[in-house]
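The chain contents come next:
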Amino acid sequence: MGFWSFFFIIVFLGLTTQWYGTNKALKLNSNIKEGPKLPSLPSYYGANAFLWLVISVLFFLIVWVFSKPHILDYILIQNIPKALIDEFGGTPNMLIDIVKATDISNIFPGTNPIIIENALYYNKIDKLSDSIAYSIILFVGLTVSIFSINRISFLFKARQAVEKTNINLLILCSTIAIIATIGIILSLIFEALRFFEKVNFFDFLFGFNWSPQTAIREGQVASDGAFGAIPIFSGTLLITFVAMFVAIPIGLFSAIYLAEYAKPSVRSTFKPILEILAGVPTVVYGFFAAITVGPFLKNFVGEFGFTIASESAIAAGGVMGIMIIPFISSLSDDVIRAVPQNLRDGSYAMGATKSETVKKIILPAALPGIMGAVLLAISRAIGETMIVVMAAGIAANLTLNPFESVTTVTVQIVTLLVGDQEFDSAKTLAAFALGITLFFATLFLNIVALRIVQKYREKYD
Amino acid sequence: MTNNLDRVELSLVGRKRSERLFKFYGFLGILIAFLFLITILYSVISQGQKAFFTTFIKVNIFFDSEIIDPQNQRNDEDIRYANFNKIITESLKKKFPENLNKNDSKELSSFISNSEADYLSEFVVKNKDYIGKYKNMWLLASSNIDVIVKNPEMEDLDEEDRLISDKQLGWLNQIRLNKELKKELNKNFFTKADSTEPEQAGIWGSLVGSFLTLLITLILSFPVAVAAGVFLEELAPKNKFTEFLEVNINNLAAVPSIIFGLLGLAIFLNIMHLPRSAPIVGGMVLALMTLPTIIIATRSSLKSVPPSIREAAIGLGATRFQSVVDHVLPLAIPGIMTGTIIGMSRALGESAPLLMIGMVAFIVDVPTTFLDSSTALPVQIYLWKSTAARGFVELTAAGVIVLLVFLILMNGLAVFIRQKFEKKW
Amino acid sequence: MAEKIKISTKKVNVFYGDKKALENINLEIPEKKVTSLIGPSGCGKSTFIRCLNRMNDTIDICRIEGKIIIDNEDIYSKEIDPVLLRAKVGMVFQKPNPFPKSIFENVAYGPRIHGLAKSDDELDELVTQSLVKAGLFQEIKDRIHEPGTSLSGGQQQRLCIARTIAISPQIILMDEPCSALDPIATAVIEELIDELAKNFTIVIVTHSMQQAARVSQQTAFFHMGNLIEVGLTDQIFSTPSQKKTQDYITGKIG
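Chains as they are written, first to last, in my numbering: chain A, 213 to 673; chain B, 7 to 431; chain C, 5 to 258.
Check each hint, because a few of them may be wrong.
Stated by the list, open to error - Derived PhoX-like pairs (lysine-lysine); straight-line CA-CA distance at most 25 Å:
#1 Lys122/C with Lys572/A
#2 Lys571/A with Lys189/B
#3 Lys247/C with Lys14/C
#4 Lys571/A with Lys99/C
#5 Lys37/C with Lys15/C
#6 Lys236/A with Lys294/A
Said to hold, decoys possible - Here's a subset of chain A near chain B, in silico, CB distances under 10 Å, partners left out:
#7 Phe220
#8 Lys236
#9 Leu240
#10 Asn241
#11 Asp309
#12 Gln372
#13 Ala373
#14 Ser386
#15 Leu470
#16 Gly514
#17 Ile537
#18 Pro538
Note that these hints are calculated values from the structure, not bench results.
In this text, all values refer to a predicted model and were calculated from it rather than measured experimentally.
Backbone N, C-alpha and C define an ideal beta-carbon position, used for all residues, glycine too.
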């Protein structure tokens, strides 16, 4: 049974169940000439039966989707001769991937016949297991349908049951946010712990030498690679600093202009333009940084006799700053506009000019909110990936010179993981250690920033 | 008293100046941001538009029967295996009467894209009459020639910095003089997937990949997010649990996107054994990222529905749940749609998490199912940017243009829905 | 009235967008006296008082016709700088709005921006004097560097008055200065107004007729954007010449 035939049978079964349940309830009601009828409207009885069918089918379908790869891999590995696995050299999982990737309709000449044979076998068990699973699920669905139709009686309050189920479904959907957070934390912690079995925690956090590539060289013990993350952290901070150096003045002055000076018509033109800057995908900024800004800076700085790395921190950081501008400007704009009008009035009534009012009254009053915005922007900057991957360097240099090339946490995560399928080396696991550092750093910044902004809002609400 | 006013008046000159300066700084801030936007767009469009067209060279092809079908059997299989590269090279040579040595003919043959041999062989299989005859054909130029044609300023570079030799440049100019050069719409770009040769690479494969990925994202995130939004805004009791939920959702919205990629790698790939590089995994990861956006949009558009609607429904004896589903939710749909489209457009531009789950491979086939290996639009841009060959620069920029066009369309749709359907209470 | 006229308005019309808020207001305000503006809410009295120091300039859609003359100068003419005007015509608002700074900084704000004090000592003296004049000094002299927002409502309002008199204006506008205060704080402020009238021309908007009667020498009654009647306070409250004024005073409208 293919997926689509399964799908249509289920849809048919669902509609039939609903129709039958509603009809049964209608019939029960029409038999009553006097006295109380069913406690809920007939359509609820149909809906209840339908709901339970869908829930049970979906549940088993999800279970199947997630367990199928494990089951099939297990069967497949039993079928592959041990000799081939030994001969192959890599892990059995990599061999399984090769078998699965073999396209049996268009076999590449020279493929190992055992692999072809297993690919055909895999194809067979793939289809067979699907058919078996779908049949079982259909059977379960049918049972549930019959059961819930049988339940229709005068004692059964269908509307309450339907609503309770629905609300529970809604709650389930809401908890996905929690599940995702837990998933993130657990997966990061789990892999990071494996990393720290190989590399000392303090060596990672406070080491000055980062050269993970040596760790996977053949014949070398994994922990021989250097995993001191200080140069990476310093690189991240340097680029973030450059970004803030660009974004804070431009963003803040834009916000002041929009909030205090611009006429409504000017405001409604320029605010969306700033928002466009926020909507440009980061990969586009990365392209811009690498193709346009990098070479431009190289020529420009070269005119003055300085040298600058082609993947300099200033190019990546500067473009990241452009990306952050709308972030700072729109948050600061909100914050500035939240400063109560009567403070402005008070200042103007004293004969203060607009700029004096902004500098001496509004900005000090809005400072906590602006600080919050800046913290959020910093958290955004250190988590930003594509710009730095495309425009910053890979080598971990410990430097404060923005004209040199530095690397960042996100760049390292990408370089360590892209293209690498092996999951046991310190090199790949290091990415998770960096990941968890990044996660907690941004989480901390966000929580602090949101606290500050919230306090600020409460003050003036 | 007047003494005081005189002092104020005296101070005014300097104060007025600093007022003007401050206002100017503010305007400068806006202006700089605006100029950045223009610069980015200009740098992308000026380079990218070049990739929409590609160079063709007119060659009088001699379908030499000695090469194609020496046995004169007109067998399809044999024709396919014939050396059409040689046919192209020999035909090119005829353009230049001077004696060419072996190295020269190699340089000459690199004028034409290596895909054209296949094209000619298919052509001959279908039109066997041409064997032994001449035909004027426009053949796709190789990327290096294409780049020089599109960027004439490169001709002035030194030979080693240029992509082609002095000799090749001479030939090129001769071809140009003979008007045997033309630019035409780059069909490969719009219909093919990736390739090692810039002139044969296209955006279509990654576009389909992005589409499949976003479809999964939409299917997974939309119902879940709307359900969560409805629960939190309308039905949830105020307690520790819902508070915790809200904190979680807000934090999830601020988690760096690459972390979601790590989650996908560790859980979807390593624990669940889902296929690498597949749109289904990319879609799942992006769904988690998009979730908070749609939840927040759902909540704010539910919030904007006035309480009188709920009260009216409840007053008629509806349960809370009924009042929400039957009356409040329908009114909130335009806002939810707008938020969803914006969330989707963000997911379309997102690439970092996709790098983590392997959607960053060199893939020459257009994906057809959710389980096929594929890339996504922004990832393709990243891949091309990381490729050394010069011809990919324009291709990268063209990819950016395509991405931006889609984003503009999606955001335009969102604005349209907002203005057309969203009610102001 | 024999006194010198400080402010006089001629045919003043005020519009918010298309809506006319004030129509043809002709009013003369005597120097160093208290003039109160009364009338039901929405009658335009606050709008009017905000015209006198051009606070309405900060509202984009507000448009003013006619002439407002202070000391023989039309304050809406092009040569007049609103900054200079506001240094001359101070204002106290309905809701106390001390800046989120210390008490000292609140009062020092005006002198600082206008450059009125040549030295720190002079500034200290000016701030102290202003606080004394506003009757606040005794209460807060020990905590002059605490935030202005930590004071009680009445003290905050007196702080705002101190802040205003620190730049020695000639006119002080008060827009319902006591409406957010309790009766005791109100009494203190009213006493202060009496005291201030010796040195300043005061225009006060109030919704309380008793207050108008207590503090002012002249009263103007506004209704629906029109100036209905103006005269000596005693006269207005005892023998109003207009029926509308009579109705308002006796509580028939309002």
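* Which of the listed hints are broken here? -> Of the numbered hints given earlier, those the structure breaks are 2, 6, 7, 8, 9, 10, 13 and 16, listed in rising order.
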